[in-house]
Each structure stands twice: as C-alpha cells, then as structure tokens.
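K.L.:
Line order of the protein sequences matches chains A and B.
So for the first sequence, the UniProt record's numbering puts the first residue at 1; every next one is plus one.
So for the second sequence, the UniProt record's numbering puts the first residue at 1; every next one is plus one.
Simulated from the structure, these hints should not be mistaken for lab results.
Be aware that a few hints might be false.
Pairs involving identical chains hold if they fit within one copy or between any two copies, as the list cannot separate such chains.
Unchecked claim - Quick list of in silico lysine to any residue cross-link-like pairs, SDA-like style, CA-CA up to 20 angstroms: (1) K117 with R85; (2) K515 with L111; (3) K346 with G601; (4) K213 with P18; (5) K346 with Y604; (6) K117 with A155; (7) K346 with Q605; (8) K346 with E319; (9) K346 with F217; (10) K346 with D167.
Residues per chain are reported as follows:
2 protein chains.
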Amino acid sequence: MKPVSLTDASIDDDFWTPRIQTVRDSTIDFVYDRLVESGRIENFRIAAGEADGDFQGRFYNDSDVYKWLEGACYFLTTDSDADLRERVDELVSLIASAQEADGYLNTYFQLVEPEQKWTNLHVLHELYCAGHLFEAAIAHSEATGEDSLVKVATALADHIDERFGPDGYRGVPGHEGIELALVKLYRETGEQRYLDLAEHFVDHRGDPDSRLKYEAFHPEEIAGDAYDHVVEDGEYDGRYFQDHAPLREQETVEGHAVRAMYLYTGAGDVAIETGDDELVAVLERLWENMTERRMYVTGGIGSSHEGERFTGDYDLPNETSYAETCAALGSIIWNRRLLQLTREAKYADLQSRTLYNALLAGLSLDGTRFFYANPHEMGPEGHPLHDEDPNRFAAQRQGWFQTACCPTNVPRLLASLATQVYASDDSSLYVNHHIGSEATVVVDDTTVTVEQESSFPWDAESCLTVTPAQPATFELALRIPEWCTDVSVTVAGEETEATPGEFLHVEREWTAGDKIVFEGSFPVTFVRANPNVRSASGAVAVQRGPVVYCLEGQDSPRPLHQLRLLPDGDTVVDHDHELLDGVTTLDLDALVPEESCWAGGPLYQPDSETTVETTTVRAIPYYGWANRGEDEMRVWVDAESSQL
Amino acid sequence: MKPVSLTDASIDDDFWTPRIQTVRDSTIDFVYDRLVESGRIENFRIAAGEADGDFQGRFYNDSDVYKWLEGACYFLTTDSDADLRERVDELVSLIASAQEADGYLNTYFQLVEPEQKWTNLHVLHELYCAGHLFEAAIAHSEATGEDSLVKVATALADHIDERFGPDGYRGVPGHEGIELALVKLYRETGEQRYLDLAEHFVDHRGDPDSRLKYEAFHPEEIAGDAYDHVVEDGEYDGRYFQDHAPLREQETVEGHAVRAMYLYTGAGDVAIETGDDELVAVLERLWENMTERRMYVTGGIGSSHEGERFTGDYDLPNETSYAETCAALGSIIWNRRLLQLTREAKYADLQSRTLYNALLAGLSLDGTRFFYANPHEMGPEGHPLHDEDPNRFAAQRQGWFQTACCPTNVPRLLASLATQVYASDDSSLYVNHHIGSEATVVVDDTTVTVEQESSFPWDAESCLTVTPAQPATFELALRIPEWCTDVSVTVAGEETEATPGEFLHVEREWTAGDKIVFEGSFPVTFVRANPNVRSASGAVAVQRGPVVYCLEGQDSPRPLHQLRLLPDGDTVVDHDHELLDGVTTLDLDALVPEESCWAGGPLYQPDSETTVETTTVRAIPYYGWANRGEDEMRVWVDAESSQL
C-alpha cells in the first residue's frame, strides 16, 4: 500500500485539529525563534560567507534547521501563510548559498574541521544531517512546487554517493536516518543510485570490517573524538548504533532507540521498493522483540538515559524511563512501513498507541514546552536524575534543549499526520486510523474521495463517506482497533462482521455517498504487565481506547503511593470539556489505609491493627500530565490482585 | 540504674555464645591483620620514632586501632589469651611511645600537619580519636588491672581540657564520641574536669559563634580542607554534625547518624551524672522523632549515603538504605542511656530490635566480612549505587574498607554484650535482656547472683535463678518484650501478671535458687509501615520475636517482585539447625501471577485475562542474608490489603 500524500489529504478532527493548530500557531514560531537565538541559522549564514563568526552549538545542529523546515513546509502544503513562506524561502536560499561547489553541505565541518570531512562517521552525524536535508527538500518541493532545495539535496546526495557508493569506501552512518531519506529522494527523482545507496547503508551495518569500529579504534585519524563507550575491555560493542551484526542477523532491538527506529524505517523503505521479503521478516522479528520485551505500555521505547537506549528484556523503569519523544516518532514511522509491507492492523494499533501517548506526552498543551525524556512516574521529590541534567530530567516540560531533536521532530510529524490516515494500492483503499479527515486517492484507476468523521479517542464511533468519481468496485479496508469491544459496522446500511485488531475488508461496488458506520465501546481496561517486568509488579496501568491514563497527585485524595486500585471496582467515565483542553476522565475505586489506624503517629504496627477504606481517584490521559504544575504522577498504580 | 560490669557478667547463650566466639576466634585476628596491612599500626610506630615512613590512610585511622584494642581488652577481661595479650601489650606500649610530651596524641597530625593541630575540628576528628583512646584505656585497665593506657588517656584528656576547658577556646568536636568517653574517664578517675568538659561539648554545639561554622568559612586558617557541604548558598547548615542549634533546642534527629548517636549517648551520660532532667526530656523527644519518623523496621538509621545521614520524615528507601552498621551500634548504646535514665522497657526493646537485625546484619556468619551500609532490598541487578563505590555498595559483605569504622565497632559491642543484660540500682535488679548469662550484682548491699537460661530469639522462654548471698528483700524488674503474647510468668512457682512492653516489677524476699519462669509466644507478625513511608507502601515486613525477616531469591519459587504475601494465610514456623548456623524459618503463603496466563509471552494484557495462584515462600532472619551467595533480597514484600 502507498500512503496518501499530504496534497491529497487533510485533517478535520475534534481531537487533532486543535493540536495541529497549536503546533502551527505556536510551536513553529517558538522553535524558529530558538533556532535563531541558538545560532543554528547563523551557522548557515557564516558558512555561506554572509556573516562572520564561529560555528555555534553541537555538530548536528543543521538537522534541527532541516527538521523545522520540513514541518513548516508541511503546513505550507495545505495553508498559505506569507510570513511563514518568507522565512522558508529565506532559509532555503541560505542553505543553498552555504553549499560548497562539490555539493558538500554541513556547517559544522565547513566551519570547524573543513579538512576532516567524512572521517568520523561514528560520532559526527554528517550523513544524518544530510538525510534531514533530503526530507526537508522533498517537503519543500511538495509545498511550493519549486525544486531549489531538491537541487541542493541531490547535489549533496550525489556527492555522498560518489564517496559511499560502489566506488567509495563504503562506511555507514553512525546515526541512521539517511537511509529512509535516500529512498524518499529516489521516489522523488527516480534516481536509482539513491535507492542503491540506501540499500547499501542498510546492508553493510555490522560488517566485520565496520568503518564505525575502525574509527573507534583509530581516534588519531578522525575529526573530533571517538566514542569510548563502544569499546569495552578492548572489544568493540557496536550495539549502540546497531553495528554489532548485519541487520539481517539481528534478533533484538539494541542500542540508541532513535537510531534503531530510523534504521528499521529505512530498511522498511528499501524492502517496499525492492520486495525483499527476507528483510521484512527481519523487521517483523525485531518488532516482536520490541513489543514483547522492551516497550512501555505507552509505546515509549529506550528505557535508559545512558546511551538513550534499549537495555535488557523487561527492563522498564518508571521514574527514570527515558522513552525519548523522538524514539516515539521513530516507532510511528517504522510501523507505517510495516503496515505498508504487511497490511496487518497491529502496526497501526501500535502507531496509535504511540501517537496518543508516548509522542503526545512530549509536547505541552500550549505547544511551547517539551519533554525530551518521558518518565512514567514522577515522585513527590521530582525526577531522580534531576541533578545529572536538570533540563532533560525535570518534573515539567522545558522550553529548549542543547540537543533539540524533540522540539523539531514533533511538529513535522503532526503537520503531516493526514498522510498516516489513508493508503491505497491497486485494488484497495485502506483506512488506517480513526481521525476526522478527508482524502482523495486513486484506487484501480478510480479517483475516490473519502470523508471521515470520528469521535476517537474518546468514543469508538466513526463514520466514513465514500465517493468514487463514478461507481466502482474495489476493496475498502477499515482498521478495527484492538481495544474496541461491541463492534458494529454497517456498510451502506448493511451490518458487517468485524474483528478488533484486524482490518475489515469490504469489497463491493461503491457509489457516491456510501457510508460506513463504525460503532463500538472503549471499555476501561486495567492492564497488567508481564510478571518479568519488575517495575510494574503488583500494579496496573489503565487504558481506554488508545489512551493510556495516569494519576496526578492533585486528582487523588491521598499521595499516589497509598492507593491500591480495585480493578473490579466501579469506574465512572466522564468527559470534561474544560480540563486539559478537553479529556475523558476516569474515576477509579481504590483502597487506601484507614487514617484513624495511624492517628497516634506510629511508624510501624502489626497489619492486624490496620484496616483499609475505599476511595475514588481521578485518572487523566498520560499525554496531559504536567500541564497543571509540578506534581507526582504514576502510570503504574498498585492494584489488588485478580481473583484466584 | 547502673549496668553490670564486664568483670561481673558473662554470656552463656545458644544464640549469642557461638557468635561472640566467632568474633573472638576470627574477627579479632582478621581485623588486626588489616590494621597491620593498612599501616594503621605502623602510623604509631612512625610517630613514636621507631620507624621511618609517611602516614598511611585517612586522618581518623588511629580510631580503628583504639576500637580494636577496646574489643580485644573486653575478651581479655573474661578469658586469658596469651597471644592476644601480647598484641595488646605491644600496642599499648607503642601508643604510649607515640604520645608527645604535652599529652598530644594523633598520628595524622603528628606526621602530616604538626603545626596545625586543633585547627580543623569540623573535619579532622582529633577529638573523636581521643574519645576512642579513652574507651580503649578503660577497657584495658579493666582487663589487665594496669593503668598504662589510662595514663596516656588522662594525659591527652588533660591536654584537651587545657585547650577546650574553661580557659580554652571552647570549640566542639566535628565528630562526636569524646563526650561519652570523657564521662567514662570521669567515672574511672573521678576527675571532675572530664565530666565538665563532656558537659561543655554537649552544651556548646550549635552556639551562634560555632567554631565548626567558623572553620567552614575560613578554610585558609585550618588544616586540610573545609567541608563545602555544610555551606549552601553562603548559609551555614550545621545539621550534618548536629551544630544547627543548641542540643536542648533540637527537635529532630539530624545529620550524620553515627555522630548523632554518639552525641545523644554522651548527653545521656552527662544527664546520668548530673541529673539534668531537661536534657533527658530533649533526648526523649529526639528518640520519638527517630522512632516515629526516621528508622527502618530493623532499627537501622540514617537512610542516605550522602552524608551517611538522616534525611526527612518517612524517607526510608530500601535498595539504597544506608543504615550504617556503626549507626546501629550508636543507637544501641544511646538506648542504654535512655534505659538507665528512665527505666522504660521500650528502650531495651529498641536495643533488642537493633541488635538482632540492623547490627548483626553487618557481620557475616564467619566473622570476616562486613556490611558498612545495610540495604533493605537487593535487586537482581545488585546494588544501585555499586558503580559509585563498589566496596560500600555491594551485594555481599566485604573484607575491609578504607574507612573501617564498622569492622572495628562490631567486635567491641559483641565482646561486651554481657554488660547490656543486667543493671541495678539501690533497690532493684534489672533484667533488661533475655540472653543466657550469669551475673553478680549488688542490690541494696546484698550481693546477688543471677543466672539466666533463655531460648530467645527463637522462642519466648527464659528462666532466671536468683541467688542472693543471704535472703533479702529487693525488687527484680524483668523486661517483658513488646513482641510477646500469651505471657505467663511464675515467680518461685507463683503466677504473676505481666504486660508486654513493660518491666514486670517483683518486690519480695528472695532466697537462694528462687526461679522466675517466663513463657510466652512469638506470633508471626506482618508489619505495616506508616502510610507516609512511600517505600513500604502496599508491603509488609515480617517479624517474629525481635527478629525481622527477609526473603532471599533462592528461597522463593518466583522472583521476589512477583510475590504478594497473604497476611491472613498460613505460616509454618520451623527451626532449621543447619541453615545459617541455625535459624527459625517462616514459610509464608503468597499469591503469584499464574504463569499459564503469560505463556504466549505478551508484554501487556488486560487484568481480566490474568489470574493468580498461591505459593509458599521461605523467610529467613534479615541478619542472615547474603551468606549464601549473591541473591535478591527483600525486607518489605508486597502484600494483599487488610480486610475492609
């Protein structure tokens, strides 16, 4: 299947439209100002010879400019905005001016280590930055119809292909991302070399004579410093950047979570283009490992801040969970490739889980504050790693980061959300997500307009109106999310059998205005984690529809550690239009210690002298936490045992 | 009341005798060898001019030599041991040789900073080391009848009194300990100045013009470095060494736990001598704060490794609990003073709790491995602070520490344990502890021999035989521990009313061979912590008699985090003579997740799809953990809620 393009789709959704609007009205400007303030744009000006000065910031700062540009262009694709367009035009022109005659473009190396280009792939992110340029260029072309940035991109891509292609020395990027971008550029330009290079980057990771390994052992030959953390006791451990084995031999998701997601996404893109079933099987195997061993219930991934990485099976600490916002984005885009490749609903279910929870939690409701790392529990004393890095490890979202990957990533995903909703192939139209929207796709040579109204994520109701240009027979595949019960689907008034967790396939002749009405329930689900997950033992998470809930201290009559939820208790579901820009809340029954038993202030006493009483606590969606001041928070809450 | 002296008491107890014997046969030699190896004894040799070389180790290393000497002398008090006596004699002679003509004695200053003596009270432990010399000297005198070391002690005490007494500049020690030692020396010598100086040190902590504060702000005037951690944002915070307010105004136990315990002990000694009721009330208030807010269920105190100190109310983390073995010793000796002052059984109860649990856990069963910090939980990955200090934060007891306070402290306490058991005053004989033993005390001019047989801590049975030199009327006060039920006491065959948690007072005419037979039960008690204790929420600890239990992984059918104990379940109590040198074990009922529910390997699933099953897990005494290899361990175990 092929996703709908942004020019052919738009969102009109009670839940998502206000959020995307906030990103457009606030986040885009807010982030742009930070790019200016931090010198990220000035670096291009200096490289272009239009200003004097030294390179500012980190060696990957160009990527933030490209990512902002990509997001801004997505907005320009669907909306005209003269001011935004002017900033985009200026930036594109500046980027073009900064490019060297041979196509090279990376302001860090141009300004700091011009003689050392391409010598330090394992640390210095030249290929990663190039990939983000390619993505921005394609978005720019789509938004404006102009090829000015694509020309910059192809000149750089050609330069890279000369060096890394068949006749080059065939290193691979230390931070992936260029693979998927090269496939995008191949699709945009038809240039086979770009696809070949992407395939090369996918297939030559973990080579026995890995360039990344070589660099780690030869710091004297490279720009900047080598990573010492990839060498332990004299032995190379390439897991950090998925260089420990050829991808096709990898069995587990390893290392830096964002790198891993970008690699798998690029590999998925290669497989889409080449039909490489072996590669698909590898990705399915890695997906199983991730989802059955190494993923938070929110879809968050990469549990350790040390290396921002995957650790061992079932190691999912809550207070120190890293669950980087960018890794959530990476999972969402990887899952789109798996969905395209396999047409299995579970990948869209995981996209949905990750989008509504792990990703959305990264952005404040007002669009100007960000979590880089996403805790799944906040104690009354704040983040346990706060002293190590008060910016990344805080009880509240922050305005900016020296490494600003997350603030520049969320806008580009939300601005292009419409492309996630629909897809098509020769004979089918896929409705992957329940999001109010409209799209026009071509199925079997017929142009089909599809309109969707949806009350997700708060209620399991959607209505699709299908309007082919003329009556036509094709299949419509509607995803029935795994968390629905009591599902009823009528197609043009006719009841149809549907199974949660699968696509409902309806092949028929469609005529203008045919409606598919989906109705179901979102039961409140108390979720248990596998008994091997030490951090969730004895506890439950609460989910309703795709939304994972949490407790914040202010909604609880007691400190959160005193609560023991009653999964068999009563739950009151209510929609509060004011709270957190409108959320469905859950009032849950819980046991708490009877306070009178402790009135005298003893520190310890026999269990037999104590009793418990029932109370009620309000749960809110996890994504909405930390929008009402500093507070304690829990996703996993102690719960009474299930019955014997 | 006055405790029995070591010359008048001896232990003969199934539980304690083998342990004390291990300390005598192994620990004493093991520690001595470490003192030699580490240069601690050589420092004295160099200071005495008998050897060349540089001072080795830390500035408080003299104290370890004195503490070893004190413990060794306690053994010599009751047993002749030519080899040990020879080492003691040599050491005493060496110490005397190292003393300067004016009485000064501290090998660190003598060898490293001879011009800077007494300039850095807040860091450099001169007074603390002196205190330990005084204690060793008195033990030596008691053991040998010789006054050679007492002479050294009094010369140093006189030197100190000149400097810190009425005409001196009246600083106070940065690490307390000398206060209690000065009172001991006063009792030994009758020298009033020593008591006065102790009183001064007790009463001048927290002076507005604190010398400790002055030093912290004037690093240029002092030996070595100043502590930077007692100054925050330019403000002095003297809590670390209890210098934040005059002791009489202190409301909470603060700062370094060992320092606090030694101060309170010294203050108790002063109060015993002066009859200062105000001071007693202060200590009672501090005791309440500690026992109702800041103490582990094992009696361990000082929850944070940062500053080895008390933190806030109810802050009692399990995995990182510091609960220094020396702080447990400090609590035991402080509680003896409170017991002496008030005659309330609760202080002996806490001594007992601390002795069987927090203190004893610090020593391996073979007597040659030590915990400095005592965790109350060990996860499968080991100690979370391991990387910070693999020696102090380990999953197993260690052989030695650069700061070796704990290995030298445990022997001196256990070697003198007999002195804790009995006490007397003009009209009463107190039996404070149920430990098999014999003692001779004088009550109301009558010499009374008391023999005790006891099956503590495994069973609540003791039998006392009282033999006055001639029939005499006096009161015998027998402590009925708080954790006993079904108590029956017969005095010379007559049933007597007794209340757990109080002393049973029996005033009568005693004749030779009168027996007091105590019988009771030790129910298995599931203990809950105050709901404010976040780290114990939803969990129980298990106690039987004075013994707090724990679970080790090897005794559980499942990883410990999967267990949920059933306080209302069946418990099987069994005594295993082989296990851990003989312990009473508890087989406890617990719920665990039904494994078949998770057979497919899902990471998450609805609670409604899962069930639990019952199992049994064996609990062992906490003091015995980590004697069978590295393993996970928990004192607090998740438990089903009490009934509504």
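K.L.:
The structure should be examined with respect to each hint, and the outcome stated for every one.
P.N.:
Hint-by-hint comparison with the structure:
With identical chains, the CA atoms of K117 and R85 are never at most 20 angstroms apart, being 33 angstroms at best within one copy and 75 angstroms at best between copies. Taking the shortest Cα distances, K515 and L111 never come within 20 angstroms of each other, neither inside one copy (59 angstroms) nor across copies (94 angstroms). Taking the closest pair of Cα atoms, K346 and G601 come within 20 angstroms of each other only across two copies (16 angstroms); inside a single copy the shortest separation is 52 angstroms, beyond that limit. In this homomeric assembly, K213 and P18 never come within 20 angstroms of each other (Cα to Cα): the closest approach is 47 angstroms inside a single copy and 58 angstroms across copies.
In this assembly of identical chains, the alpha carbons of K346 and Y604 lie at most 20 angstroms apart only when taken from different copies (14 angstroms versus 48 angstroms within one copy). For a Cα distance limit of 20 angstroms, the shortest separation of K117 from A155 inside one copy, 16 angstroms, qualifies, whereas the shortest one across copies, 74 angstroms, does not. In this assembly of identical chains, the alpha carbons of K346 and Q605 lie at most 20 angstroms apart only when taken from different copies (14 angstroms versus 49 angstroms within one copy). Proximity of K346 to E319 under the C-alpha cut-off of 20 angstroms is found in neither arrangement, the shortest distances being 28 angstroms within a copy and 38 angstroms between copies.
Taking CA atoms no more than 20 angstroms apart as the test, K346 paired with F217 passes in neither setting, with 42 angstroms inside one copy and 64 angstroms between copies. In this assembly of identical chains, the alpha carbons of K346 and D167 never lie at most 20 angstroms apart, being 41 angstroms within a copy and 84 angstroms across copies at closest.
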